[in-house]
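> My request is simple: use the sequences and hints to build the entire structure.
Here the protein sequences line up with chains A and B, keeping their order. All residue numbers for the first sequence refer to the numbering used here, where the first residue is 1 and numbers rise by one. All residue numbers for the second sequence refer to the numbering used here, where the first residue is 1 and numbers rise by one.
Please keep in mind that the hints were generated in silico from the structure rather than gathered at the bench. Computed from a predicted model, the values in this text were never measured in an experiment. Among the hints, erroneous ones may be present.
[Unchecked claim] Derived SDA-like pairs (lysine to any residue); straight-line CA-CA distance at most 25 Å:
#1 B/K315 x A/L276
#2 B/K322 x A/K2
#3 B/K365 x B/G174
#4 A/K2 x B/S57
#5 A/K2 x B/S299
#6 A/K2 x B/R298
#7 B/K256 x A/T382
#8 B/K365 x A/K2
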Amino acid sequence: MKLHLTEEESAFREEMRTFFTTQIPQEIRDTVAAGRHVGKDGIVETMRIMNKAGLAVPNWPVEWGGRDWTPLQRHIWHEEMQLASVPIPLAFNASMVGPVIANFGSQEVKEKFLPPTANLDIWWCQGFSEPDAGSDLASLRTTAVRDGDDWIVNGQKTWTTLGQFADWIFCLVRTDPEAEKKQAGISFLLFPMDSPGVTLRPIKLIDGGYEVNEVFFEDVRVPGENLVGEVNKGWNYAKFLLGNERVGVAPVGSTKRNLATAKDIARSTGQLDDPLIAAHIVELENELLALELTALRVVANSADGKPHPASSVLKLKGTELQQAVSELIVDLGGPLSLASGATDESDVPEWARLATPTYLNLRKASIYGGSNEIQRQIIAGTILGL
Amino acid sequence: MDFTLDEEQTALRGAVRALLKGYDAEQRRSVVAEDPGFDEGMWKKLAEMGLLGLPFSEEDGGMGAGPVEVSIVAEEIGRMVAPEPFVEAIVLAGGLVAACGTAEQRAEILGAVASGASLPAFAYAEPHARWNVAAGGVTASQDGDSWTLTGVKEPVLNGARADVLIVSARTDAGIGLFVVDPSTVERTGYDTIDGGRAARIAFDKTAAAPLGEAGVDATEALATVIAAAQIAYSHEALGAMDVALTMTTAYLTTRKQFGVTLNRFQALTFRAADMYTSLELTRSIVTWATMVLQDNPRSADAVEAAARAKLQVSKAGRHIGKEAIQLHGGIGMTDEYAVGHYTARLTAIDHLLGDGREQIAHLSKTLGDHDVVEPLP
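Printed below as a string of structure tokens:
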């Protein structure tokens, strides 16, 4: 047992820290630190800077821009990025469709899509959930029917995050409605969002913002070459994707940063002297420490690259703490947290104006990426054998 | 960074586990029914394996092992809820002698402790002091070279059985530690809720020898030895929680109601999943605290890490202990079935050397000193 990073690992951490704090524009980092939306341009600019330095898609195979890092190095990269308030590489590209294409796509598909995906020249969105297929994703009903070499797609997707910025969609479609198991009749298709027959409708959320959409498909024609891997094997690729999604979904670094911000707010508003507030922050800091150490344990002990069973703990507890910190900031705001519509003219500070929208927005964290109930199901079934 | 045991440590764990294997619920019940509340034969066997001298230096008659080895033994004891007072006697009482005693005292006391010939107990708790070791309900008076103690300590774990007492008392310098011959004090023993034993010990101008140099304030030394004991207790609790969860999941997959095994009910399996989450978070922070202690024994960092481990253990111990009984149902309430004893021991450990709330109060004092808590040095 030892706690220290090796000399190489410490040097690596320093290298990441220096890169993220000096190479990403301060304005973008300030925006993230303040809890404001970065917007499409900021995300694209950041990912391109990172890609140029070979830091956008380290989890990919080396020949496609990945780095042959240890799980611990990847963890350090991820943490330092969040601690520096750097927007993480677009998940739909970097940790979802990219690895699926790299692992299961044909050489042609890889060559066509991986470089622009890493550089965010293509902005991807995710076509998984449907109105009647949420946690029970395999019940999806969007169909793709053969027409010569092409596929004709009909149906509807929902909760399509940032679909309004997307150039392409990766989509789970039913290609064999007769399959004995519903999981066996699903394929993984790629097509442009401006294909004829694709309609996007934004969904306004409780925080007042638009970040998710409904997407409708009416006789959308997709060339056969845009099917990833094999027909009817899409569920395997989706499971692979969701496994990756779960690993990165515990936002330890950003929650740590937000908790430090909350403590600053508590201090500057005199509330850190309130023993109840102080006690609450102590508890959150301790739980976050336990979470971070669990993440370190998982990366230190997962040499084979497979997701560790405790990954579900990370998602479950990570999102709970992320939400708890946002809730604390609402409480620190007190009555000011109502003033979400106030402007710079107002006496209400920006953190208080953003507190409640952020808190409400983050309710999503325990729903997406496999809801926390699904994580409990995984823990009970896979780990505890119940 | 490495959270795993090396080969020798794994072998130690295997050996301790094999030694304690006989502690099924029935064996434990018969042992704790009789004074001194643990198995003297088992204590001898622990001594023969070198475990009672584990943390003491070789020149003091010990094995010179570190906090990781201590944590392995504590965790195995916790897994069996074995009643042998390893943390109390070896890590805490023995640890104080090792930290503060003169070379002579160390050789005399620790040699006998390591061989199993002498059981030490640390008398620190006082009826109205909660966990304040500096409360001063027992005072020390000096007359030339000789010292006497007056006041009451209670509850003193293993106080009636102990062969040597280490006592904290108020002195002019602050808090002092003393060695007392138990035959010179009035001891009233009784059972504790976890199957152990404790005593009320009354000192009335009782002769006492300063542990180490006379008239030195022991506050700092106490804090660091208590930290080591808190971390060892945390491992004992971790072992107990682990087995309590295993027993619970085993029960859920075998017990039938409404014609099906209980694991068919999601209301129950989800709660077991939450117990697992509590357990794994606890394992992470407790293991971390041990490594902090290993790197910086007797440091402020170790004291803080111990408080952090103990806080998590308090929360998780309550959570897992209560749910283990609830998910078992009525059988979990019985003395005959083991799971309730795990909960009793977890409750006891929570209230030894400061519960969760006490740790929060302690950690609150330094809350403003850091932006974030950094686990890695």
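> Does each hint fit the structure? Answer for all of them.
Now for the hints, and whether the structure bears them out:
With a C-alpha separation of about 17 Å, the suggested pairing of B/K315 with A/L276 holds against the 25 Å cut-off. In summary, the hint linking B/K322 to A/K2 is not supported, as the alpha carbons are separated by about 33 Å, beyond the 25 Å threshold. At most 25 Å may separate the alpha-carbon atoms for a hinted pair to count; B/K365 and B/G174 meet this at roughly 21 Å. A hinted pair counts as satisfied when its Cα atoms are at most 25 Å apart, and A/K2 with B/S57 qualifies at roughly 21 Å.
With a CA separation close to 17 Å, the supplied pair A/K2 and B/S299 stays within the 25 Å bound. Taking the CA atoms of A/K2 and B/R298, the gap is about 18 Å. The hint holds against a cut of 25 Å. With a C-alpha separation of about 21 Å, the suggested pairing of B/K256 with A/T382 holds against the 25 Å cut-off. The straight-line distance between the Cα atoms of B/K365 and A/K2 is roughly 28 Å, outside the 25 Å bound, and the hint therefore fails.
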